[in-house]
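Chains as they are written, first to last, in numbering that gives the first Met the number 0: chain A, 0 to 495; chain B, 0 to 98; chain C, 0 to 514.
Honestly, the hints are just simulated from the structure, not real lab data. Where hints are given, some of them may not hold.
To be verified - Keeping only pairs whose Cα atoms sit at most 25 Å apart, straight-line, the calculated DMTMM-like set for lysine to aspartate or glutamate is: (1) A/K162 / A/D298; (2) A/K162 / C/D362; (3) C/K505 / C/D67; (4) C/K505 / C/D63; (5) C/K429 / C/D362; (6) C/K429 / A/E153; (7) C/K505 / A/E65; (8) A/K162 / C/E438; (9) C/K505 / C/D10; (10) C/K505 / C/E70; (11) C/K505 / A/D71.
Said to hold, decoys possible - Restraint ranges, calculated between C-beta atoms of paired labels, are given here: (12) C/A52 / B/L75: 35 to 45 Å; (13) B/G19 / A/N188: 50 to 60 Å; (14) C/E70 / B/A68: 24 to 34 Å; (15) C/V491 / A/A386: 52 to 62 Å; (16) C/E508 / A/A20: 37 to 47 Å; (17) A/N188 / C/W411: 15 to 25 Å; (18) C/G56 / A/A154: 51 to 61 Å; (19) A/P478 / C/P372: 48 to 58 Å; (20) B/L21 / C/V491: 40 to 50 Å; (21) A/A197 / C/W411: 23 to 33 Å; (22) C/V491 / A/D53: 38 to 48 Å; (23) C/R41 / B/L75: 29 to 39 Å; (24) C/A214 / B/L75: 27 to 37 Å.
Even for Gly, the Cβ is constructed at its ideal location relative to N, Cα and C.
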Amino acid sequence: MTVPWLSVAVAVPLLGAALAALLPARLTAAPRLIALGCAAVSALAVAATWVRFDGGQGMQLVEEVEWIPALDVAWRLGVDGMSLAMAALTVVLFAVTIAYGVGPRPMTRAAAALLLLLEAACLAFFLAQDFILFYVAFDLTLVAMYFLIALWGEANRRYAALKFFLYTLIGSLPVLLGIIALYLTSEPNTFDMTVLAADPAVRGAGTGATLIWLAFFVGFAIKTPIVPFHTWLPAAHVEAPTAGSVLLAGVLLKLGTYGLVRVNLQMLPDAFARYALPVALLGLVSVVFGALVALAQRDLKRLVAYTSINHMGYVVIGVAAAAAAGGASRAGELAVDGAVFQMVAHGVVTAALFFLAGFIASRAGTRDLDELSGLMRPMPVYGTLAALAFFASLGLPGLAQFPGELQIFLGAFAVWPAVAALAVLGLVVSAALFLRALQRAFLGEPAERWARLPDLHARELVALVPLMVLTVALGVYPPLVLDLIDSTAWLAGAGP
Amino acid sequence: MAIEWYLALSALIFVIGAGGVLTRRNPLVLLLCVELMLNAGNLALVAFNRMHGGGDGQIFALMVMVVAACEVVIGLGIIVALYRRHLPIDVDEMRELQG
Amino acid sequence: MNGAAQGASVDWAALSPLLALAGGALVVLMVGLFPGRGVRDRVVPGLALLTLAVTAGLLVWQYDTSTDLLEGALRVDGLTVTLSFVFVVAGMATVVMTWRHLDPVESPGPELYTLLLSSIGGMVVLVAAQDLVTLFLGFELLSIPLYVLCAIQLRRRGSLESGLKYLVVGSVGSATLVYGFALIYGAAGTTGFAGIAEAISGDLSSDVLLLAGLALAIVGFAFKASVAPFHQWTPDVYEGAPTPITAFMATATKAAALGVLLRFLDVALLPAAEAWAPAVAVLAAVTIVVGNVGALGQSSLKRLLAWSGVAQAGYLLAGVVVGTSLGVQATVFYLAVYLLMNMAAFAVIAARERETNLGDSVDALAGLGTSRPWLAWPMTIAMLALAGFPLTAGFIGKFKLIEASVASGYTWVGLMIVIGSMISLAYYLKVIAAMWMREAPAGAAAVAATGPRPALAGASTEAQITAPTRHTRRGTGELTVMAVLFGAATLVVGIVPQPLLDFAAKAGEAFPGLF
Chain A
0 MTVPWLSVAV AVPLLGAALA ALLPARLTAA PRLIALGCAA VSALAVAATW
50 VRFDGGQGMQ LVEEVEWIPA LDVAWRLGVD GMSLAMAALT VVLFAVTIAY
100 GVGPRPMTRA AAALLLLLEA ACLAFFLAQD FILFYVAFDL TLVAMYFLIA
150 LWGEANRRYA ALKFFLYTLI GSLPVLLGII ALYLTSEPNT FDMTVLAADP
200 AVRGAGTGAT LIWLAFFVGF AIKTPIVPFH TWLPAAHVEA PTAGSVLLAG
250 VLLKLGTYGL VRVNLQMLPD AFARYALPVA LLGLVSVVFG ALVALAQRDL
300 KRLVAYTSIN HMGYVVIGVA AAAAAGGASR AGELAVDGAV FQMVAHGVVT
350 AALFFLAGFI ASRAGTRDLD ELSGLMRPMP VYGTLAALAF FASLGLPGLA
400 QFPGELQIFL GAFAVWPAVA ALAVLGLVVS AALFLRALQR AFLGEPAERW
450 ARLPDLHARE LVALVPLMVL TVALGVYPPL VLDLIDSTAW LAGAGP
Chain B
0 MAIEWYLALS ALIFVIGAGG VLTRRNPLVL LLCVELMLNA GNLALVAFNR
50 MHGGGDGQIF ALMVMVVAAC EVVIGLGIIV ALYRRHLPID VDEMRELQG
Chain C
0 MNGAAQGASV DWAALSPLLA LAGGALVVLM VGLFPGRGVR DRVVPGLALL
50 TLAVTAGLLV WQYDTSTDLL EGALRVDGLT VTLSFVFVVA GMATVVMTWR
100 HLDPVESPGP ELYTLLLSSI GGMVVLVAAQ DLVTLFLGFE LLSIPLYVLC
150 AIQLRRRGSL ESGLKYLVVG SVGSATLVYG FALIYGAAGT TGFAGIAEAI
200 SGDLSSDVLL LAGLALAIVG FAFKASVAPF HQWTPDVYEG APTPITAFMA
250 TATKAAALGV LLRFLDVALL PAAEAWAPAV AVLAAVTIVV GNVGALGQSS
300 LKRLLAWSGV AQAGYLLAGV VVGTSLGVQA TVFYLAVYLL MNMAAFAVIA
350 ARERETNLGD SVDALAGLGT SRPWLAWPMT IAMLALAGFP LTAGFIGKFK
400 LIEASVASGY TWVGLMIVIG SMISLAYYLK VIAAMWMREA PAGAAAVAAT
450 GPRPALAGAS TEAQITAPTR HTRRGTGELT VMAVLFGAAT LVVGIVPQPL
500 LDFAAKAGEA FPGLF
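Looking at chain A on its own, in the form it has when it is part of the complex (with noise of 0.2 Å):
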C-alpha cells in the first residue's frame, strides 16, 4: 500500500493543531513539542513526495477522496514541479520559525495550534486540486495570519491585523465568483484543477473570459501584493511578530502568485494573453514603487516590506511576460521559469531579512538604520550573515535571487524589451538601498550604546543559518529546484 504523503503532509498539522489547542495548559513545553513534530513529519512527508516524483509533466501523484458529492467537490490534492517547489518553501520555512518560535516562551498552546493551523492551510493551497479546497485554503491562511499578528504583533497590531483580514478577505471573495464561473462554464461541471488546467473550458478573450480573468486578478494581486492594492502589506509587516512577518512574505505573500500562475495564466490562457501588457506595466510600477519608497525608508522591517513588493513585481513580470509569449515558447517559458524560481528564492532570502530584523530589534529596541551604527563590529556572525542576505536580496550573482531575476529579464525583453529595460532600474535602486544601509548600520563605529551587543545565539542561528545555506546553495546550483520548476507543463498540450 502507498502511503498518501500529500495527505500527510497537510492532516498531520492540522491534527497537530487540533491536539495542541486542546492540551491541557499544565504541559508547558509540549505545545512547542508538537509543533516540531508536525511540521517535521510535514517536511518528511513533502520530502518523500520529491522522491517519488518523475519529473514529467502534469498533476502527479493525485490523491482524491470525495467531499461534498452533489457538488462533485472532494479533498483532491495532486503535485506538478511549481506545486512541489512551493510545499518544499512551505515546509523548510515553517520548520525554521516553528524552531524560533513566536510569542511567550515557552511556546503557548494558541501559539503552536496557529502556526501548524497556518502550515496546514498553506500547504492545502498549493497542493489542491479542488477549486472549493483550495479557496477554503486560501480563507483559513488570513484566519490563522489575523491572529498571529493580532495576538503577538507590536503596539499597534490590531489596527493592522484588521486591515489585513479585510483587505485580503475582499480580495478573496471575487476569487470565489471567479471559481463559480469557471465551475459553471466548465463541461461537465467540476470543480477538478487538474481536469480545467489541462483543458481551460474558456477559450477566448470575450467579455465573460475578461470577468472572469478579472475576479482571479483582483483576489490574487490583492494578496501579492501588486501597487495599488499593497496598502495594507507595510502596516500588516511592521506590526507583525517576526515570525508573522517570516511566514507572511516567505510564504503568503506567494499564495498570490501562485494563484496568478495556476489560475490566471493556466486556465484562463487567452484573456491573460490579451492583458498581459497591462499586467505587466502594473509589475513595473510595483518594482519602480517598492524600490523607490524602500529608499526613503529607516526603518528595516518597512525597506524589507517595500522590497517584497519591488520583488514580487519581478514575478509579476515573469508571469504577464509568459502569458503575452505564451508559456509553450521559449520566452515565455524561461520568464516563468524564472517567475516560480523567484518565489522560491525570494521566500528563503527575505524570510531571513525579517528574522535579521527581529534579531536587532530584540536586542537593540529599535530598526532604524540611523540610529544603529558598526554592528559588524560586536557581532560579526550576524554582521556577516545580514550582509549574505542584503547582497542575495539585491540579486547579486552566485546568490539566490540572481537567476531567477535574470531569466525574467531575459524572457520580458524577448517580450517587452522597454518593460524589461525599465525593470532593471529597480534592481539599481535596490542595489543603492541595501549596499546604504549596510554602510549606515552595519560598518564604521558603533555608538557606545551599540558596543556590547551580544551577537546571534543557538536559537537564533538555527533559524538563520538553513536559509542562509539554502540561498547560497540555490544561487550556486540552480537546478536544485530549477528542473522540478521546469518539468511543469506551464500550457495546456504544450510543455518543455
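With chain A fixed as given, assemble chains B and C onto it according to the hints.
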C-alpha cells in the same frame, strides 16, 4: 352594472385606506384605514365572484372578514394595554418607531 | 374549492403533522389552566416541546409523501416537509429560550406556547397552501399570534410598541395581499394554483389585472419577508420584541415567507415568470444593499441582526427569482442554515441579556472570549457563517445561491450577493472583534442575580413588584448548551454539507415543473 365600476370603487377605497395609513398617526385611525383596505379587497372579491360565478370569491371574502375582526381585536387589545400604562398612543411619540 | 365537499376522503396521515400542532396548542392551553407554579414552569413548556417533537416524528413518517389534501387546498410534498422541519426546530429553540426568559408575573405561560404552536401551524399551512384562500388563512394564522407574542411583555413599553407596530405594518401587508389576490382571482377566475397557472399560460400573461394583482401580492409578501423597500419595521420590531420571539421571527417567519413565495411564484405564476422575475431580481438587489448598509452603524445586536436579516432576505430572493429546481434547493438549504446560524447568535444574545445590564448592545459581548468561551465560540462561528466564511454552513449556502443565480443567467444578482457579503464583513467582524479584542467593561457581569432587569427598571411602578427572588432561577445553562449545539451544527454542516444538501434536494423535487 359593469364590473369596472365596482373595481373603480374598490380601488378608490383601497387608495383612501393606504393614504390614511401613510399620513395618519393615531393607531385607532390606522386600524380603521387597514379595515378600509381589507374591505376594498372584499368588494373586489365579491364583484369578481359575481362575474365568474361559483362561490370562491364569496368564501374568500367571508374568510377575510373573520381575519379582519381578529386583527382589530388584537390591535385594540395592545392599544388598551398601552393606554393603561399611560403611554402615548400617538405613533410619532413612540420611542422606538424611528426606522 | 369548488365541488361538493361531502364524501371527500381525507388523507389523515399526510395531515397528521398539522393536526398534532393544532391539538398540542389546545392541550397546552387547557393544561395551563391547572394551578401551581410547577405546571406553568415545567409541564407547559414540556408539553410544547413534546408537541413539536411529535410533529417532527410525524414529519419523518411523512417524509416521502407527495399528495394533495382537502380538495387541493393543501399540498404535502418535499417543500412542505423540509420547511416544516425548519419551523419545528425553530419552535423548539424558541421554547427553550422562553423557558426562563420572561417574567412569570408579567407574561402568561400557557398562552405563550399556544400562540407559538398556532403560529407554527400557520406556517405549515402557508407553505402547504396551493389555493389563494388557504394561503391567506395560513398567512394570518402565522401573523396574528406573532403580533401578540411581540407584545407579550405587557409591562415593557418596547414590547408593546413592537407588537403594535408589527400589527399595523403586518395588517397593511395582509390588506395589500388580499387586494392583490382579489385581482388575480378576477383575472384567472379561480383561486387554485393549478387553475391560475393554466389560465396564465393561455393569453393572460400580459393582462393588466393580473400584473397589478401580482405586483400587489408581491408587495404583501415583501412586508412579511422584510424585503426592501418594505423592511422599515424590521429593526424596530426585532429590537422591541422579547429576544426569543425575535429569534423565532428571524428564522421561522423568514422561512415561511420565502417558502410561500417559492410555491406561489414558481408554481402558480411560473408561466408569467418573465413579468415578475426581473422585478423581483431588482428587489433582491436593492434589499441586499439596503440591508447591509443599514447594518453598518448599529450598536444593538438585535437591530444589527434585523438589518442583516433584511440583507439575507435579499440573498434568499435570488433563489426564488431564478425559478429553477436548483434555486428552490438553494433557498431551502440556506433557510435551514440560516436557522442554525441565527439561533446560535440569538441564544448568546439572550444569555448576555440575563447576565449583564447592557441588554442587547454589542458592548455586552466585550471580553466574552476570555470570560465565556462557550458563548464566544458559537457567536464567532455564527457571525463568520452569516458573513459566508468557508468551512461554515453559511459558505455552502451562499455558494448554492450564487451558483443558482449564475447558472440561470442572473450573474449580476450573484455579483450583488458577493458585494453584499463584502460589506457585511464590516459589521460581523465588529461583533467578533468586540468578543476577542476588547476587555469586559467593569461591573457588566453578574447583574442578573441582584435585581430586576434594566429593561424593566424604571419602566413603570408595576415593574418594581417583581420580586428579586424570582431572578435566582434565571440561569443561562440551557442557552449555553443551545448556542453550542447550533454553533457546532453550523460548523458541521459547513464541513459535511451532503446530508443537508440531500434534504434540500427533497424540496427541489416538489416542483416537477421546474428544471
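Hint-by-hint comparison with the structure:
no.: 1; hint: A/K162 / A/D298; result: holds (20 Å)
no.: 2; hint: A/K162 / C/D362; result: holds (22 Å)
no.: 3; hint: C/K505 / C/D67; result: holds (17 Å)
no.: 4; hint: C/K505 / C/D63; result: holds (9 Å)
no.: 5; hint: C/K429 / C/D362; result: holds (11 Å)
no.: 6; hint: C/K429 / A/E153; result: holds (21 Å)
no.: 7; hint: C/K505 / A/E65; result: holds (21 Å)
no.: 8; hint: A/K162 / C/E438; result: holds (21 Å)
no.: 9; hint: C/K505 / C/D10; result: holds (21 Å)
no.: 10; hint: C/K505 / C/E70; result: holds (24 Å)
no.: 11; hint: C/K505 / A/D71; result: holds (18 Å)
no.: 12; hint: C/A52 / B/L75: 35 to 45 Å; result: holds (36 Å)
no.: 13; hint: B/G19 / A/N188: 50 to 60 Å; result: holds (53 Å)
no.: 14; hint: C/E70 / B/A68: 24 to 34 Å; result: holds (26 Å)
no.: 15; hint: C/V491 / A/A386: 52 to 62 Å; result: holds (54 Å)
no.: 16; hint: C/E508 / A/A20: 37 to 47 Å; result: holds (42 Å)
no.: 17; hint: A/N188 / C/W411: 15 to 25 Å; result: holds (21 Å)
no.: 18; hint: C/G56 / A/A154: 51 to 61 Å; result: holds (59 Å)
no.: 19; hint: A/P478 / C/P372: 48 to 58 Å; result: holds (51 Å)
no.: 20; hint: B/L21 / C/V491: 40 to 50 Å; result: holds (47 Å)
no.: 21; hint: A/A197 / C/W411: 23 to 33 Å; result: holds (31 Å)
no.: 22; hint: C/V491 / A/D53: 38 to 48 Å; result: holds (39 Å)
no.: 23; hint: C/R41 / B/L75: 29 to 39 Å; result: holds (34 Å)
no.: 24; hint: C/A214 / B/L75: 27 to 37 Å; result: holds (31 Å)
Of the numbered hints given earlier, the model fails none.
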